[in-house]
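Using the hints, position chain B against chain A.
In order, the protein sequences belong to chains A and B.
Everything in the first sequence is counted per the working numbering, starting at 66 for the first residue and increasing by one.
Everything in the second sequence is counted per the working numbering, starting at 19 for the first residue and increasing by one.
Think of the hints as simulated: they come from the structure by calculation, not from any bench.
One or more hints might be untrue.
Unchecked claim - Listed below are the simulated EDC-like cross-link pairs for lysine to aspartate or glutamate, each with C-alpha atoms no more than 16 Å apart in a straight line:
(1) A:Lys-329 x B:Glu-280
(2) B:Lys-111 x B:Asp-81
(3) A:Lys-329 x B:Glu-145
(4) A:Lys-313 x B:Glu-280
(5) A:Lys-329 x B:Asp-142
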Amino acid sequence: MPILVDENTSFIIQGITGREAVNMTRECLDYGSKVVGGVTPGRGGRDVYGVPVYDTVAEAVDKHGATGSVLTVPPAFTRDAVFEAIDNGIKLLVIVTERIPRFEVAQMVEFATMHDARIIGPNCLGLITPEKCKMGGIGGPAADTRKAYMPGPVGVMSRSGGMTTEIANALTAAGLGQSTAISIGGDAIIGSSYAELMPLFEADEATKAIVIYSEPGGPMDAQLSEYVTKNNSRLPIVAFMAGRFMDKMPGMRFGHAGTIVEGKQDTAAEKLRRLEEAGIAVAEEIEQIPALIKERI
Amino acid sequence: MRFYEFEAKQLLAKQGVPTPKGGVAATPEDAERIAGEVGGAVVLKSQVLSGGRMKAGGVKFADTPAEARTAAEEILKLEISGQLPVSVLVEAKAGIKQEYYLGITYDAVAKQPVAIFSDMGGIDIEEVAEQHPGHVVKHNFSALLPYSDYKMKELIASLGITGRQLTSITRIGTRLVQAFLDYGLTLAEINPLSQLDDGSFVALDCHLDMEEEARDQHTDLLAEFGIDEDETRQGRPPTDFERRGARVDAVDARGVAGRVVEFDGDLGLVIGAGGGSLTIFDAVQRHGGRPANYCEIGGNPSVKKACELTKLVLSKPGVEKIAVIMNVVSNTRVDIVARGVVKGVIESGFEPSEKIVFFRIPGAWEEEGFKILEKYGVEYGDRTVSLSEAARRAVEKLGEAS
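With the rest of the complex left out, here is chain A (with noise of 0.2 Å):
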């Protein structure tokens, strides 16, 4: 099987009854997802496209028994809502919101770790296993998701939501189904970063090579390199570094919070060399992975 989300995955959704999260609902229970239940305080009672929604996330676990929640509420209630959803067992949390203080994240993330729970993101659109579970608002409504992903071998990881959806219609198009694929989040510290989900992916049989999207900032690809060279993966991985412009550029932030070159360590020629000295294939366009993966699997 696929890593983290299978058909049998049933998820809950804090701040169901916002504009976006509604949508994102209607867009998962339209893919199969099993959407059980939905949390926003003082909205207990309503539902939403037929998912009932609970004040607290202890009766929703109560009454569904889900193990994982996608949360999308605003920045200041982020915290509190990760923390109730971690003390009723919910073990898989996928953080949509962005502009989440970082001290804030910090907690978030050990408080999960003291209860063995994941984070994906903050800052980020989710995950999908095609044809199985799309949890969040990675690939929009159904019928555009399904124009982009489809099964296959490639696992995707990528700080960027869009970029997720972009690398695998790139993939689909060239006959190449994904595993999971993941946006990870463009937050400076997030829940779960490529060499952390590496031993996943390692041990699911239907991935065969990994493709991963990244960006300048941040000691994420260096844990990747040095993960890839320790570990002696078994797995192909293909890279793209987007970004490449702000070499120039330090001091300054963009695209996401994460993204910016404060020291040489952070630039992506600098990123590129030790993701090449690690054996990763570099892409330089989007359109060179699919051919780059099938080199190497």
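Okay, now just chain B, sitting in the frame of chain A:
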């Protein structure tokens, strides 16, 4: 958001970290007066947001108030990395016995805050870590539990520091941690932390960055320091075009259509989303294009926002045409962006088919979007046209037109 050195020192002083005697001068006359008040030799430091001030000539020494005045005059005229200083910091120059480094930041691998200490201060900490790894120590600390001072003591002591030095540096270190936590900082660095000839310690230079996301929680402090909401305090001050971009994005709370950065080219870009914009900007440059701007659309913005962003880009002098390109969109609707962009072009007094060299946004509601583009005769590509190919076509068409 980076604080100027003089602000950072005021903030640290509030937390009880010792800083040099002195003050900040906006004019050479002020500098002369402050130098007189300080008495004795002073150091004058250009207040800009970039590093490398010493090399650029932005730091000068003066023995008398008259010399301080001359030095300040020169510093205030000197641009560093394209920035004129906002003021000159005038501080007592004292004999230094030893220089240390203290820094608090985030460790994105451990996902925790990290405290870093070195007994080789005054130079870049990355350089020290590379060349003298034995002189840099660090420890991660919990974001959930209260910070305990003994952790700082252990860190300092691990480099063999003892006696009054140990207690003094520990006290400063724990106050730095407190400032880091209290003010939503992502970097709090004292470099060098200097022990003077008389044995006392001062933060001779420091660098504090407040997280953008934390600004809302510290409006009182920012007001006290006179820092405007639209002061981005990034690598360079925002241009007028960028300030107008921020106002476009603030039109309503629906999605993003802004985050504009000005460049010196002829091809206006209406692009998105976060990662897509980075990819597209690279592709335009790779195909020999000269972007007039960077921007981001995402999170399903309103027609109005997309329209206003388009008008802003078209209003920039030198912009011949615009390219509208995004990655395959999930929640942003193609039809809404198409409607907004077409409206923006028309309201600017141009023909959409003339001004838009290429439109490539596939994904949610694409059929409805493509219909709008067909109606106005705008050349567009669907998901079979790659981002790079879309950028290439836009650059080529602009070349043909001019």
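A quick look at each hint next to the structure:
no.: 1; hint: A:Lys-329 x B:Glu-280; result: violated (24 Å)
no.: 2; hint: B:Lys-111 x B:Asp-81; result: holds (9 Å)
no.: 3; hint: A:Lys-329 x B:Glu-145; result: holds (11 Å)
no.: 4; hint: A:Lys-313 x B:Glu-280; result: holds (14 Å)
no.: 5; hint: A:Lys-329 x B:Asp-142; result: holds (12 Å)
In the structure shown, a violation is registered for the earlier hint numbered 1 alone.
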